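Position chain B against the provided structure of chain A, taking the given hints into account.
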Amino acid sequence: MTADAAPVAATAVKVKHHSRFRWQRLFLHVFLIGLALVWLFPILWTLFTALRPYGDTIADGAVSFPKTLNFDNFVTAWTVGDLPKYFVNTLIVAIPGVILTLWISSMLGFIFARFSFRANLLLLMMFTAGNLLPPQVIIVPLYRVYLALPLPVPLSDHGVLYDTYFGIILIHVIFQTGFCTFVLSNYMKTISRELTEAALVDGAGLFTIYSRVILPLCRPALAALAVLEFTFIYNDFFWALILMSTGNKRPITSALNNFQGSFFTDQNVLAAMSFLVAVPTIIVYLVLSKQFVRGLTLGSTKG
Amino acid sequence: MSGPTPPPGASALPGQQTGGADVRPVGRRRRYSVLTRRDRVTMALMVGIPTVLFISFIWLPTIASIFLSFTNWRGISALTANNFIGLKNYETLFTTYPFFWPAVWHNVLWLVTFVFIATPIGIFIAVLLDREMRGTRIYQSAFFIPVVLSLAIVGFIWEQMYTSQGFINSVLGHTSSNTAIDFLGNPTINIWAVLVAAGWRHVGYVMVLYLAGLKSVDPTLREAASIDGANARQTFFRVVFPVMKPINIVIIVITVIESLRAFDIAYIINRGKNGLELLSILITNNSISEASLIGFGSAIAVVLLVISLVPIVIFLTRTMRGDST
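Protein sequences appear in the order of chains A and B.
Residues in the first sequence are numbered consecutively from 1, following this note's numbering.
Residues in the second sequence are numbered consecutively from 304, following this note's numbering.
Excised from the complex, chain A in its bound form (with noise of 0.2 Å):
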C-alpha cells in the first residue's frame, strides 16, 4: 500500500483509508491470538506439566526449560487409574443414552410439531422446565426412589435401580428429552405439513410418516444432538455420582471422584490424567465442530 498505486487524489485517500483498515485488521489478529493463547493456557500447562517427570519438576520448579519430555505420566495414569475400564463404563451409559433420549424425543417432537392440541404446549413446557430445574432440587426423593424400586438380577446387583447403568441411563434419558425434545419440534415445524398430509392421504399410518418421512429429513438436528449429546453424558458427574455406589462401576467424569486426594503419586501424573479424560470431548468437538455448534445453537435460536 505504497503511493505509486495512487496516481489521483480519490484513489490516494481510498488507499489510505485501506491501509488503516488493514492495521486495525493486524492488531485485532494479534489480539486475539494473544487471547487465544491466554484461553488456552490452562489445557496447555496441564499438557506442559503431564509430559514432564515429577523429577524435573521438583528439580527445576515448574516453570522452567524441559529437560525431559515424555508420555511416562500418561503410562503411570492410564494404567494406575485403570482408565481404559472407566471409559467403557461411559460408553454403556452414552451410547444407549444417546440413542434412547434421541428416539423418545424425536417422537414426542414429532407429535408436538405436526399436531396442534392445547395439550402439546402444556406438555412441551413441562418437558422443558423440567430439563432446566437443577437436578439437585429433585435428588432427596429420587435417591429414595431408586433406592425402593425393585430390578431383576441380571440388571441389578442387589435387585434395586440404584447403583446400576440401567437406573443411570434412564436418569439421562428423562432429564434429556426436555431439551432434545424442545429442539427437534422447533425443527420439525420448519418441514412442510403438506408432506405429512399428502402421506396421510395416502394411508399411511403415523408410525410410518414418523419414521420413513419426518425422521430421514430431520438426519442433520439429530446428528447435531446426538454429538451434543454424547459430550453431555460423557460430562455428567452429578447422577453417577450419587445414584451409583460402586466406585468400579462408575463412568469416567464421576469417577474423577475417586481420583481426588492422594490417588495419583505425584502432580504431574495427576495432570496427565486430567488431559487424557479432557482429551475425547475436546476431540469429538474438534472433528465436529459444525454439529456441536449446530445442536448449541438450534436450543437457543430456534432453528
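If you're looking for bench data, these hints aren't it; they were derived computationally from the structure.
Here the structure is a predicted model, which is why all the values come from computation and not from measurement.
The beta carbon of each residue, even a glycine, is placed where N, CA and C say it ideally should be.
Careful, some of the hints might be misleading.
Some chain A residues well away from chain B (every beta-carbon gap over 12 Å; in silico) [as the list claims (entries may be wrong)]: (1) Ser19; (2) Lys67; (3) Asn70; (4) Thr79; (5) Pro84; (6) Ile99; (7) Leu151; (8) Pro152; (9) Ser156; (10) Asp157.
Taking lysine-lysine and the BS3-like style, the derived pairs with C-alpha atoms no more than 30 Å apart in a straight line are [stated by the list, open to error]: (11) Lys249/A <-> Lys576/B; (12) Lys290/A <-> Lys548/B; (13) Lys290/A <-> Lys518/B.
Same frame as chain A, now just chain B:
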C-alpha cells in the same frame, strides 16, 4: 404397514390446496379425522409413555421434595404423622444453620460474576469474531474448547494452575508450600479461584450462542447505521444489541440456571466445604450421607426450586409465546 381404508375426511382435503386463510380452520379439523384408530393408539403411546416416565421421575420427586421439607424424616423407619414438624426445617435453615447464608452468598457471587463479567467477555469476543476475517473458526474453537469439558475436569485442570507447585505460585516465586498462596484451601479466596475457572468455561458458551445470534441479524440494519454515520460501537449498542433482545434473554436465563446448578467443581475440590458452600451441595451433603437429614435437605431443595422457577418461567413465557399464536 398395510394401508388403512381412506379416511372419510380425505375427500375434502383438496379444498385445502386452494390455500385461502378462511379455509384453514376447516382443513385443520379435517386433518384429525384423517387419523385412524390405530394412529390414535400410536400417538397415545408416543406421547403417553415418555410423559408418564417424566412425571414420575421429575415432577413427582419435585412435589415430594416440597412435602418432605415439612418433615424430620431420616429415611430409616416409615414416615408417619409424627414426622410432620411444620416449618421447623425452614426456621433452622434461616436462623441457626451456619452454612445456609454462606451458600446463598456464594450462589449470588457466582451469578453476579457470570452475568457481569463472564457474559460480557463472551459477548465482546463474539462481536470481535463476527466479521469476514481469516481464522475466525480457529479463534472460535480456541474459546469454545473449555465449554466441551465438564466442570469436574475443569477443576482438575485449574488445580494445575493453583496448587503450591502450580503455575501461578511458581511464577510468583512461592516455591515452598509455606509461602505458596493456598488458592483452593484458603476459605476467603477459594470461591474466587473457582469462579475464575468456571467463568473461563462460561465465556465460550456465551460467545458461541451470541455469535449465532449475531449471524442472524439482518445485515441491512448495519449498513443503514453506517450510512447514517454510526461508528462500530454505536452500531452495536444502538442497533445490534436491541434487536438481539431474544438472544440476550436466553443467555441471561442460561447464565442464571448455570449458576444455580453449580456443583461439580466445588464438590471435586473439597466437597463444597470450607469456603465453597453452595445450595446444591448442601442438599446432597445433608440428605445423601450418613446424617441422612432428608427433611432438612429437602427444605434446602425447596429454596433452590423456588429460586430456579424465576428464570424457568421467564424462559418458558419468552420462548413459547411464539408457539401459541
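Outside-interface status for Ser19/A - nearest CB in chain B farther than 12 Å = Label holds. Min Cβ-Cβ 17 Å, cutoff 12 Å.
Does Ser156/A sit more than 12 Å from chain B, CB to CB?
-> Per Cβ check, Ser156/A is outside 12 Å of chain B; nearest 17 Å; holds.
When you check the alpha-carbon spacing of Lys290/A and Lys548/B, does it fall within 30 Å?
-> Given pair Lys290/A, Lys548/B holds - Cα atoms ~25 Å apart, limit 30 Å.
Hey, is Pro84/A genuinely clear of chain B, shortest beta carbon separation above 12 Å?
-> 17 Å, holds
Would you check whether the claim that Asp157/A is not at the interface survives, using Cβ distances to chain B and the 12 Å cut-off?
-> 19 Å, holds
Given as non-interface: Thr79/A, partner chain B, CB spacing beyond 12 Å = Check passes; 19 Å lies beyond 12 Å.
Verdict on Lys67/A as a residue remote from chain B, using beta-carbon distances over 12 Å | 16 Å, holds
Hey, does Asn70/A actually stay past 12 Å from chain B on C-beta?
-> The claim holds: Asn70/A sits with its nearest Cβ about 18 Å from chain B, beyond 12 Å.
Lys290/A and Lys518/B: Cα distance at most 30 Å?
-> 15 Å, holds
Run the C-beta distances from Leu151/A to all of chain B and say if the shortest one exceeds 12 Å.
-> 14 Å, holds
Is the hinted pair Lys249/A and Lys576/B satisfied, with a Cα-Cα distance of at most 30 Å?
-> Since the Cα atoms of Lys249/A and Lys576/B sit roughly 26 Å apart, the hinted pair holds (cutoff 30 Å).
Chain B versus Pro152/A - minimum CB to CB distance exceeding 12 Å, so not interface | 18 Å, holds
The structure is consistent with each of the numbered hints, conforming to all of them.
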